[in-house]
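Q: Take these sequences, add in the hints, and give me the full structure.
Each chain is listed here by its residues.
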Amino acid sequence: MRSAVRMGGLALAVLALGVRVASATVFLARDEALALAFPGAERLEDRVFILTDEQKAAIEKLARAPLETKLWTLHVGWRSGEVQGYAIIDSHVVRTLPETFMVVFDPAGTVQRVEVLAFHEPPEYLPPVRWVEQFKGRVLDDDLKLHAGIQGITGATISATAMTAGVRRALALYKVLVRQAPLPGK
Amino acid sequence: MRVITSGRNLRRDVRAALAIPMLVVLLTGVTRLAPASAGDNSPGTATSDQRTQADEEKIDRLQREVDELRARLRALEQSAAARPASAPAGGAEPPSGAAAAPTGGAPPATVEQERKIGVLAEEVERIKSQLVLPKAKEYKSLYGFGPAASKVYQLDRGLSIGGYGEYNFQKFVSDQRGKRDQFDALRFVLYTGYKFNEWILFNSELEFEHAVIGEDTITAESGEVALEFAALDFLLWKPVNVRAGLLLVPMGFLNEIHEPPFYYGVLRPEVERRIIPTTWREGGVGIFGALAPGLDYRAYLMNSLNAEGFESNGIREARQLGNRALADDLSGVVRVDYAPVPGAKLGGSLWIGDSGQGGTFAGSKPSAFTSIWETHAQLEYRGLWLRALGAFVSIDDADVLSEGLGETIADDMFGFYAEAAYDLLPLVLSDTNQSFAPFFRYEIADTQDDVPNGLVRAPGNDLKIYQLGFSYKPHPQVVVKLDYRDFQNGNVNPKPDELNIGAGFVF
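Sequences listed follow chains A and B, in order.
Sequential numbering from 1203 applies to the first sequence in our numbering.
Sequential numbering from 109 applies to the second sequence in our numbering.
The hints are simulated quantities; they were obtained by calculation from the structure and are not laboratory data.
Everything numeric in this text was worked out from a predicted model, so none of it was measured.
Warning: the hint list may mix true and false statements.
[Claimed, not checked] In silico DSSO-like cross-links for lysine-lysine, where the CA-CA straight-line distance does not exceed 30 Å:
1) Lys1272(A) to Lys572(B)
2) Lys346(B) to Lys1338(A)
3) Lys1258(A) to Lys166(B)
4) Lys1263(A) to Lys1377(A)
5) Lys1258(A) to Lys581(B)
6) Lys1263(A) to Lys581(B)
[Claimed, not checked] Per label pair, the in silico range of CB-to-CB distance:
7) Lys1338(A) to Arg172(B): 50 to 60 Å
8) Val1285(A) to Gln186(B): 49 to 59 Å
9) Leu535(B) to Val1285(A): 19 to 29 Å
10) Phe304(B) to Glu1244(A): 58 to 68 Å
11) Thr1312(A) to Val449(B): 14 to 24 Å
12) Gln542(B) to Lys1338(A): 20 to 30 Å
By construction, the Cβ of each residue, glycine as well, lies at the ideal position given by its N, Cα and C atoms.
A: This is the structure we're talking about:
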């Protein structure tokens, strides 16, 4: 009887462990991510952009990466009547399944943080947190690329390449859509 | 009369144009959310995939429609502006891009249309991000064991496919001794993974070697199909997860990560073929995880090697590869890696186990206790790549095994290599994503490092290799390689030098 109780306890403990990590592939939902991006924000604003062909081309040139969509949402955090920062949530396919991550940057276009929000491939293809932390403090320049300012990684190359491109894309979107004068519309 | 009503006509046209996609958006949202709010346990995969595909198609269609609408709206605005009586003054072109923002001074109709387009765009964006990312997590307690993530937002698609391949051309340059140049479609590999739920995954690697399977060609034996690994992962807790099945032995650099773009040289280093018999896989079960940031480990219990396969030139043939492997003797392997900063990694592994498997050698049944250890270090900094690995094999009862097998089985085997590479392309083109990296590698491998008393070393097994070449990557997942390997292994049984040209990819 005692051993049965013990076995039952063990089974429940294992179940509890399983339950604890049941959210392993979605690390942060959208609202949680934005709360993390803009701590203490009084107001969140979503600015939706539908790009013109010219804007798309200008962003792709700056990002050195293709844009798969012309529809983008820039999340803006407001505090004390001023813009606290910006965030862009981006998705891409790793092997077959998608990864979603968030790039947070300040009004000067300096990366504050990059967070992986969801990762649906096996975890060995996910770059470790310490690798992702390399993006902090980066701006959109020649050094923001793999094997330059961002060190390479063995084993999660596809994801690392896509994330580096994603950070460049987010900063390029911001530069073209917000910081530069609007391009002439068609 | 026509002039007076044209503003109304404009609004009606736009309303009509907006009504259909709005309806589609709402329907899409409803169909997407309906099973989710029911908290279902993931319906059949085929249905889920179809639904996901249908969602994606709807999004594409919606986006096209939004673009179309925008174009149409502009055309309508222009035609309205061309009619002076219908257009209020100050109807400026809205700033491009800012679709959601109402335009100051624009006609009310334009403001309303822009608002509606903004709403549509937000809806499309919302549905698009919902495919992979929920807006908010919902928690519910299960049997009092703390919060459980709701399955509402579980991704329906579970199947993941990847792969890699490599081809090479070898030209033998000196000491050919009858060896002829050759082309080889060396490997094509498919990875198939399936996610049963959020914490149980299956991952596998199915390999085709040498292109033709099942029949000999004029000069070569049949290639082979092999299951390189097939493992079930149970993701329990970051420091402790469980893995079971046909597992890659976690030793060295290449046994686990051997896709061509991720190592230098057309062919794998000899140390990671002869001393660590890559690709080495056996059946087993074990745990793995991260004990601290940058500190990873793996610890498996597996079936052991079979000493009947030991040879004077290494232990490759002793691998059992999951094919009805003898498991009288088991082995244990532990690996630890530490990454102090991104780009740097150092670690080591130790494998131990009896390899006798109950077999008879020269009239006795030796345990043939075998141990293999290796240490490795790697540094990537900007364009620089440095890698080094040392490995050591120790075999007990080597004298009995040698007598039984009729060749000298070493007590000890040893190997080491160090390599350096540098990506030159960024020095020339600052904005390139391609790379061109020359490399140099020095290797020593001796499978007859120390032999039992009274036995003679089998000649030709003390290798020294100087290797020079480059890798060119036009894309991070595609590589073209060229290298020259100068083999030095004595005059009795010399290996020919090689010029190797290869191409490989991973996806």
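Q: Against the structure shown, which of the earlier numbered hints fail to hold, in ascending order?
A: 1, 7, 8, 9, 10
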